[in-house]
Amino acid sequence: MGDVAFHTATTVAEALTLVGDGSDARVVAGGSDLMVGVRSGKSPLPGTVVAIHRIAELHGLGVVAGELRIAALASHAEICADADVCSGWTALADASALVGSHATRNVGTLGGNLMNASPAMETGGPLMVLGATVTLRSAAGDRAVPIEELWTGPGRTVASPGELCTGVVVPALPAHSGSAYVRLEYRRAMEIAIVGASACVTLDESGIVTSARVALTALAPTIIRSPAAEAAILGTDGDDAALDAVAAGASADARPISDLRANEDYRRAMAGVIAKRAVAVAAQRARGESFPIPATPVFMKGSV
Amino acid sequence: MKHAVTLRVNGMDYPVELEGGTPLVRALRDHVGLMGTKEGCDDCECGACMVLVDDKPVNSCTYLALQTVGSEVTTVEGLADGDTLSALQSAFLDQGGVQCGYCTPGMLVSAHALLRRSPDPTEEEVRLALGGNLCRCTGYQKIASAVMQAAKG
Ligand SMILES: Cc1cc2nc3c(=O)[nH]c(=O)nc-3n(C[C@H](O)[C@H](O)[C@H](O)COP(=O)(O)OP(=O)(O)OC[C@H]3O[C@@H](n4cnc5c(N)ncnc54)[C@H](O)[C@@H]3O)c2cc1C
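Sequence order for the protein chains is P and Z.
So the first sequence is numbered by the working numbering: it starts at 1 and just counts up by one.
So the second sequence is numbered by the working numbering: it starts at 1 and just counts up by one.
If you're looking for bench data, these hints aren't it; they were derived computationally from the structure.
Cβ atoms here follow ideal geometry from the backbone N, Cα and C, with glycine treated the same way.
It is possible that some hints are incorrect.
Partner residues aside, some chain P positions facing chain Z, computed with beta carbon under 8 Å [said to hold, decoys possible]:
1. D3
2. G31
3. M35
4. V36
5. G41
6. S43
7. L45
8. V49
9. A51
10. H53
11. H102
12. T104
13. N106
14. R188
15. Y266
No more than 16 Å apart at the CA atoms, straight line, and that leaves these computed lysine to aspartate or glutamate pairs for EDC-like [claimed, not checked]:
16. Z/K2 - P/D3
17. P/K42 - Z/D42
18. Z/K2 - Z/E17
Taking CB as the label site, the calculated pair distances span [to be verified]:
19. Z/R136 - P/L234: 35 to 45 Å
20. P/S290 - Z/S86: 33 to 43 Å
21. P/V273 - Z/G82: 33 to 43 Å
22. P/P292 - Z/D54: 28 to 38 Å
23. Z/S118 - P/H59: 20 to 30 Å
24. P/A140 - Z/C137: 16 to 26 Å
25. Z/G11 - P/V169: 39 to 49 Å
26. Z/S118 - P/P297: 14 to 24 Å
27. P/H59 - Z/L93: 18 to 28 Å
28. Z/G153 - P/Y186: 50 to 60 Å
29. Z/D13 - P/R287: 33 to 43 Å
30. P/Y186 - Z/S86: 53 to 63 Å
31. P/V63 - Z/L93: 47 to 57 Å
32. P/L260 - Z/S86: 35 to 45 Å
Construct the complete structure from the given sequences, taking the supplied hints into account.
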């Protein structure tokens, strides 16, 4: 299995030449999805592996003219340690902080997470409620894909084999906005979301929700928005009745499957519980109240 | 297809010839000849294969060896100073943090990285930092105690 060609690209142009030649070449960033698939026998390595981890222009993140720009190779560890992400785009920090272990967060990249297209991926839901756009580059140039249009199914994206993800752009949020990502997990590390929910809300001066986005993770073949949960919170001050309606809306919009981690009914019930928590934390942050990152408690009380 | 490269491990250069898909743990054990790094689950879950790449913990079972060309790899063999154990290694012995020993290299590497980024951790931080390292013998308390002892010096 190991007898494959290996190239380390140092520029995007070089990587595009190597993957755009019609062969079965595939890029590897951190390899934490690719290699696990290979080692478990699920998907063998392609004939040619193109390592992109040394491409300087695909590293880094920062705020440019109010927008958050994250290059594809930014690691989860870098994202959740970034002060701008933590203060302005908090749901994404909640998500990256939960990925795997310290080692997974060092190795795993944002681009790899998005392009692997798992419906349980951590960063997709937060980026969806934050209104992110993904940049795909091919020999023909760049195209900007709204993140809601990136995935076509589990493990599938709209990117062609010759396209690289170079990064994402996340717009600035209006004043009095807050966001959060919460996942249901059975253990405190090395977990995959049983279900997850992301929320981003904006309040007016009197605390009424004027805009709301809610996304559901691991509850459909791709990450999806929940229009019913969004409608339930809009125009309210986020009181208990509104949050209960959010829960009912999220459960109604969920299209879960049964697998060995949870059955369909349990996932649907938990969709509501977790969406309600995500909206409540987002509203709390929008009001300027602090809430720890990650919003999913990493340690249950009394576990140490 | 073999790729002739130089891996830098524990401060030494090792010229090796590797297939493109060789995981780092296999390169370390089969080509470099350092047996401290263990292959456990081979699926990134257990942490027995933990090494540092440019000072950061990485599961070597699922990291391509050729991706480390140009980086510094540190294995458990790199933690001691010759025959003198590091304070962390001694603390594992003092506290009985080693039973069968298979997880120990990975535990030491993860804990070493923690103490470098956070020299005075709480026990909660220690447990979180070792969240990617499984031990089936000790029940973890003695390992956590060993790391706390090493931190307190
Ligand atoms: C132990 C363990 C725990 C994990 N826990 C979590 C978790 O809690 N939450 C979570 O969401 N994920 C988790 N993951 C999955 C994985 O770590 C993340 O999805 C990570 O972000 C993948 O990034 P990578 O750079 O390692 O991807 P790679 O494996 O390098 O790439 C993944 C896929 O994307 C393609 N690709 C990579 N970069 C690009 C690019 N720039 N352009 C185009 N295609 C690209 C590759 O060809 C490949 O098909 C876990 C993995 C492991 C091994």
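### Query
Can you list which hints this structure breaks, lowest number first?
Hints 5, 6, 15, 19, 21, 24, 27, 28, 29, 30 are the ones this structure does not satisfy, whereas the remaining hints hold.
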